[in-house]
Structures are given as structure tokens and as C-alpha cells.
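The listed protein sequences correspond, in order, to chains A and B.
Following our numbering, the numbering of the first sequence begins with 1 at its first residue and continues without gaps.
Following our numbering, the numbering of the second sequence begins with 1 at its first residue and continues without gaps.
By construction, these hints were calculated from the structure, which means they are not laboratory data.
The reader is advised that the hints may include incorrect statements.
[Stated by the list, open to error] With a straight-line Cα cutoff of 30 Å, these simulated DSS-like cross-link-like pairs (lysine-lysine) come out:
| # | chain 1 | residue 1 | chain 2 | residue 2 |
| --- | --- | --- | --- | --- |
| 1 | B | Lys122 | B | Lys218 |
| 2 | B | Lys53 | B | Lys2 |
| 3 | B | Lys91 | A | Lys227 |
| 4 | A | Lys159 | A | Lys170 |
| 5 | B | Lys81 | A | Lys227 |
| 6 | B | Lys7 | A | Lys159 |
| 7 | B | Lys125 | B | Lys221 |
| 8 | B | Lys122 | B | Lys2 |
| 9 | A | Lys227 | B | Lys157 |
| 10 | B | Lys122 | B | Lys221 |
| 11 | B | Lys125 | B | Lys216 |
| 12 | B | Lys218 | B | Lys125 |
| 13 | B | Lys48 | B | Lys81 |
| 14 | B | Lys2 | A | Lys159 |
| 15 | B | Lys81 | B | Lys91 |
The model shown is predicted, which means the values in this text are computed figures rather than measured ones.
Residues per chain, in single letters:
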Amino acid sequence: MRVKKNLSLHIGYVLVGSLTLLMLVSLIYTPYDPNQMFPDERLQGPSMEHWMGTDNFGRDILSRVMEGAQTAFLIGALSVAIGLSFGLLLGSMSGYFGGWIDELIMRLIDAMMALPGILFAIVLVAVFNPSLTITIIAIGIMSVPSFTRIIRSCFVQAKEFDYVKASKAKGATHVRLMYHHILPNSLSPIIVAITLSFSSSVLAESGLSYLGLGVQPPFASWGRMLKEAQPFIAATPSYIVIVGVVITCMVLGFNLLSDGIRDANARK
Amino acid sequence: MKRLTYKLLSSILTLFIVTLLIFFMFQVLPGNPAQIILGIDADEAQIKQLEQKLGLDEPLTTRYMQWVQGIFTGDLGESLKYQMPVIDVLKQRVPVTLALALSSLVLTALLAIPLGIFIAMKQDKWYAFVLNLFTQLGIAIPSFWFGFLLIYLFGVKLGWFPTFGYTAWSENPMQAIRSFILPSVAIAVSNIAVVVRYLRNTILDQTTMDYVRTAKSKGVKDHQVMSRHIVRNAFIPVLTIMGMIVADTIAGSIIIENVFALPGLGSLLIQSITSRDFPLIQALVSYIAIFVIVINIVIDLLYRIIDPRIKKKG
Numbered sequence: 001m002r003v004k005k006n007l008s009l010h011i012g013y014v015l016v017g018s019l020t021l022l023m024l025v026s027l028i029y030t031p032y033d034p035n036q037m038f039p040d041e042r043l044q045g046p047s048m049e050h051w052m053g054t055d056n057f058g059r060d061i062l063s064r065v066m067e068g069a070q071t072a073f074l075i076g077a078l079s080v081a082i083g084l085s086f087g088l089l090l091g092s093m094s095g096y097f098g099g100w101i102d103e104l105i106m107r108l109i110d111a112m113m114a115l116p117g118i119l120f121a122i123v124l125v126a127v128f129n130p131s132l133t134i135t136i137i138a139i140g141i142m143s144v145p146s147f148t149r150i151i152r153s154c155f156v157q158a159k160e161f162d163y164v165k166a167s168k169a170k171g172a173t174h175v176r177l178m179y180h181h182i183l184p185n186s187l188s189p190i191i192v193a194i195t196l197s198f199s200s201s202v203l204a205e206s207g208l209s210y211l212g213l214g215v216q217p218p219f220a221s222w223g224r225m226l227k228e229a230q231p232f233i234a235a236t237p238s239y240i241v242i243v244g245v246v247i248t249c250m251v252l253g254f255n256l257l258s259d260g261i262r263d264a265n266a267r268k
Numbered sequence: 001m002k003r004l005t006y007k008l009l010s011s012i013l014t015l016f017i018v019t020l021l022i023f024f025m026f027q028v029l030p031g032n033p034a035q036i037i038l039g040i041d042a043d044e045a046q047i048k049q050l051e052q053k054l055g056l057d058e059p060l061t062t063r064y065m066q067w068v069q070g071i072f073t074g075d076l077g078e079s080l081k082y083q084m085p086v087i088d089v090l091k092q093r094v095p096v097t098l099a100l101a102l103s104s105l106v107l108t109a110l111l112a113i114p115l116g117i118f119i120a121m122k123q124d125k126w127y128a129f130v131l132n133l134f135t136q137l138g139i140a141i142p143s144f145w146f147g148f149l150l151i152y153l154f155g156v157k158l159g160w161f162p163t164f165g166y167t168a169w170s171e172n173p174m175q176a177i178r179s180f181i182l183p184s185v186a187i188a189v190s191n192i193a194v195v196v197r198y199l200r201n202t203i204l205d206q207t208t209m210d211y212v213r214t215a216k217s218k219g220v221k222d223h224q225v226m227s228r229h230i231v232r233n234a235f236i237p238v239l240t241i242m243g244m245i246v247a248d249t250i251a252g253s254i255i256i257e258n259v260f261a262l263p264g265l266g267s268l269l270i271q272s273i274t275s276r277d278f279p280l281i282q283a284l285v286s287y288i289a290i291f292v293i294v295i296n297i298v299i300d301l302l303y304r305i306i307d308p309r310i311k312k313k314g
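If we strip away everything but chain A, and leave its shape as in the complex, we get:
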């Protein structure tokens, strides 16, 4: 039982680890310049010169996938940071104070959730023009509701614990109780939420970029690579398959990691 459960954690580590490595390597080395075009070698399948083949402009797909990893990790990290900060603020106030503050914040969160995931991001991009910054902000805001709910439930539970009641009786201030006592004790569900949110931000980014509303050139993005590959699906299916597999591995990796961490904590 123990080994079986840890398997998802291990697979998660391997997938996320190798993609992180790929991203780090791309900072100093890519096989070719990601934007260099080889007009005579367009739309080739995998070969010894181009391990993942070439795209419709004759660019090396492996190099572009590596550069796309930077974009994916950048957007993932920054949007999680945005979602976590707002989620922490709203969730802790909502769970700690309860009452009308809780009611108001929860209705705001319900309202945000009524705009299904990507729709919210699409609206933001529609109002402002698509760019890397807007993509990060949009995906970040998209993840606020789930962070808020998780952190709120941690705070609602923790309020009843003896150590919290004891510090309260000793005269600890609200801020001290919230961020010195309750928060450090709620870390593990928050870590699970962070890994999960990372994977949904990768999915959201690829969807937005596929629609042409996400990351704009010159940044390479996996989602936009799929958009560019779509017309050539019959001629070079390997292009679409490879990029999709990379996105799936990234999302799967973070999902398994979050599952594994949750199971590991539950067993303690």
C-alpha cells in the first residue's frame, strides 16, 4: 500500500524534475537558436539533426519546446504567486473573522467562479490587449477562488484548536494569531494547492495561447506552437503530438506531485 501510494509522488518528481532541468538547460543552451529558420527543412519529422523535427518555418522544435518551458514556468510561478497572495488575504480574513466579512468574501468568490475558469481570463485579455503580463495577471486572478476556499477552510478549522484559543486568551493580536499561529499550521494543504494551481495555470496558458489570446511572439509558448501546428496536422502529425505530450507531462507531473504530497501528509 505504502509503495503504491508513493508511486504517484515519484512519477510526479521525475516528470516535474526533468521538465525543470529542460527549462534550466535552455537558459544556457539550446541545440539551435529557437527563432532561426531553415527554409529548406520545413515541417520535417524527428531526425538526427532535429530530434523533434522542424516547424512550418523550418525552426527547430526541440529548441522551441525548451524555450517554451521557460514561458510555462514563468507564467506558472508568477500566477501562483498572485493567486496565493490574494487567496491568503481573502481566505484568512473570511475564515478567521466569519460573519458578514465571510459572507461578502464568499459571495465574491462565488461570483468569480460563475465565470468558468478560462472565460475570466478571456475577458481580461479582451479588455486589455494580449501580452505576457496580462496572461500572468489573468491566470493569477483565475486561481484566487480555489486558494481562498482552501485557506478559508484551514482557518475555520484552526480557530477551534486549543493552541489558538490559548494564545487568544493570552491576548495575542488578530494578526499574530492569523499569520504566526494558524498559517504555519496550515502549510501542507497550501502546498498541495500550490502544485495543483501550477498545473491548471499551465493548462490555462496553453488554452489561451492556442486561442491567440495568450503569450505573443517573440516568446515561445507551447499553446501557440499547437496553434501554428494545427493546419499541418495531416502533413506532420509528429509536431502536434510532441508538443501536446510535453504539455500533458507537465500538467500530469504537477497533479501527481500534489496527489502524492497529500497522501504522504494524510498518512502521518
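Take the given structure of chain A and dock chain B to it, following the hints.
Okay, now just chain B, sitting in the frame of chain A:
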């Protein structure tokens, strides 16, 4: 009854906040909307005229009230691109999205429920991990990429289904159904995986309950315990995620309609963003949000009817 009133009141509050959010999101448009719509070549008189037409010269609160009223009366102004009332543009597109969402939901229910029960029953087998990994894979795969794979395999290679576009129901019902199959599958995959995992967890939670032990010690056969006792109880929590599934289905159809070139609300949304047709975008987004909230209220009501215990508690 008290809980039901509370639920309805809080849903109305949510609706109010949603309309505020959407209204003000479109107010923060950088620059003058009339100027943006007309472009930099527009002269002063044209801008004034459009401002009046869009009601931009009224105070903010009046405009908000008028806009909310418009949502309910269906008077949301004219689409800038199509030069006709927004509501008429929407009416043309709704059937496609509705058909797509419904067929994908039906597919989800038909496949996810038996699969979830099956996987829950096989949890102690050595290959359980592989089954669970498949459900994880279903969640991780980008739906539009899965759509590409379906197009390549069943459209390009095998030629069983059209690769894109759509035939109206009135023209050829068989062809219409065929053009919906691949996109519905693409949307349903992640939802199926989510429901299967959720159902498996709730079934596994139920198997440790006292009533299961009682039934088993009474000599009820295993499959009867499963079908008559466990599954019935396991379904109730699954209903609570139905609202999320519906929202995800709509979000999924926004992307998938673009993959398969289906003329529904999703492809309309992306087109209207490209052409900066703000009255149309605003109307689309509002109606989708209201639809999701209403669906959630309906599911909450259903939930009470199915499980009488909740009524007593409230």
C-alpha cells in the same frame, strides 16, 4: 425552508456581484471606448455620435442600471460587427453550444458512472494504480489537443467523421450528429476523469460505513451491497460537483468550438474579441455567468429533493 431562503438570497447577492464585476471590467477599458472602436482616424463628430449611441454620456450608475435592465429585457444594444441587435446574434448561436454541451454532459454521465464504480471495485487489485493513472491522464490532457488527436485519427486517417465545420440539424440530422461526436468527446474527457475519481473516492468512503458491514453480515451479496446501498449513497456527493462540471463544459466548448470550427457561442466570443465588438462580448459573458449561477441553484434544489436528510437538517 430557512436554508433554502438563505441560499436564494445569497445567489441573488452573487448575481449582483457578477453583474458589477462584468460591468466595471468593461469600464476600465484604457482610453475612450468610442475612440477605440472607431480607430484613430475617427473625427470628433463620429466619436460624439457613437458615445451617444452607446450611452457613454450618461453617469455611471444610470448606465449600470440600464445595462442590468437590458440583461433581463434582452435589450443589450447592437453588435458593432453584425450591425444587428446583440440578442439576435446570440439566438443564432445558442443552439450549437447548447447541443454540444448537452451531448458532452450525456457522454460524461454514460461513461463516468460505470467506470467510477468499476475502478472503485478494483482498488485492491495490483493494476489499480494503472487505472488511477489513466484518470490522472484524462485530467492532464489539454482538451483542444485531444481534439486534434481525434481529428487526425478519426477524421484524417480513418475518415469516419468530418474534420471540421458543422451541418445544421434542419439540413441533415445524421450529418449534424456526426459533426458533434468528436467535439463532445474532446470536451467530455477531462470531466469523465474528474467524475470517475470523485465517484471512486465517495464509494471507497462508503465501504467503511457501518451499514455496509451490517448488510454484509446479514448475508447480502457483494454486488447487491454495491448497487443497492453504496452507489446510492455515493451519488449524492457527486451531485455537488455537477455545477463545476457544467461550468467546465461551457469553458471547454469555448475552446473546442474553435478547434472544430463550430458556429456556437465560443467561436463567436473569440471572433468578437478579435473584432473588438464590446457590446457582444459583454452580453455573452454576462449570460454565461448567469446561466452558471442558475444551474447551481437548480442543482442545489435537486440535491434537496433527492436526499431528504438535507431538508430535515435545514
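Here's how the hints hold up against the structure:
1. Taking the CA atoms of Lys122(B) and Lys218(B), the gap is about 23 Å. The hint holds against a cut of 30 Å.
2. This hinted pair does not check out: Lys53(B) and Lys2(B) have alpha carbons roughly 46 Å apart, beyond 30 Å.
3. A C-alpha spacing of about 29 Å is found between Lys91(B) and Lys227(A), which places the hinted pair at or below 30 Å, so the restraint holds.
4. Proximity of Lys159(A) to Lys170(A) is assessed by CA-CA distance (about 15 Å); at most 30 Å being required, the pair is judged to hold.
5. Straight-line distance between C-alpha atoms of Lys81(B) and Lys227(A) comes to about 25 Å, which keeps the hinted pair within the 30 Å bound.
6. Only pairs whose Cα atoms come within 30 Å are accepted, and Lys7(B) paired with Lys159(A) is accepted, the gap being roughly 25 Å.
7. A threshold of 30 Å between alpha carbons decides the hint, and for Lys125(B) with Lys221(B) the separation of about 20 Å falls inside it, so the pair holds.
8. The straight-line distance between the Cα atoms of Lys122(B) and Lys2(B) is roughly 42 Å, outside the 30 Å bound, and the hint therefore fails.
9. The hinted pair formed by Lys227(A) and Lys157(B) meets the criterion: a straight-line CA distance of about 20 Å does not exceed 30 Å.
10. Simply put, Lys122(B) and Lys221(B) have alpha-carbon atoms about 17 Å apart, close enough for the 30 Å limit, and the pair holds.
11. For a cut-off of 30 Å, the pair hint linking Lys125(B) to Lys216(B) stands: about 21 Å separates their Cα positions.
12. Between Lys218(B) and Lys125(B) the CA atoms are separated by roughly 26 Å; this keeps the pair inside 30 Å, and the hint holds.
13. With a C-alpha separation of about 19 Å, the suggested pair Lys48(B) and Lys81(B) falls inside the 30 Å cut-off, and the hint holds.
14. Straight-line distance between C-alpha atoms of Lys2(B) and Lys159(A) comes to about 26 Å, which keeps the hinted pair within the 30 Å bound.
15. The suggested pairing of Lys81(B) with Lys91(B) holds, with an alpha-carbon distance near 16 Å, which does not exceed 30 Å.
In the structure shown, a violation is registered for the earlier hints numbered 2, 8, in ascending order.
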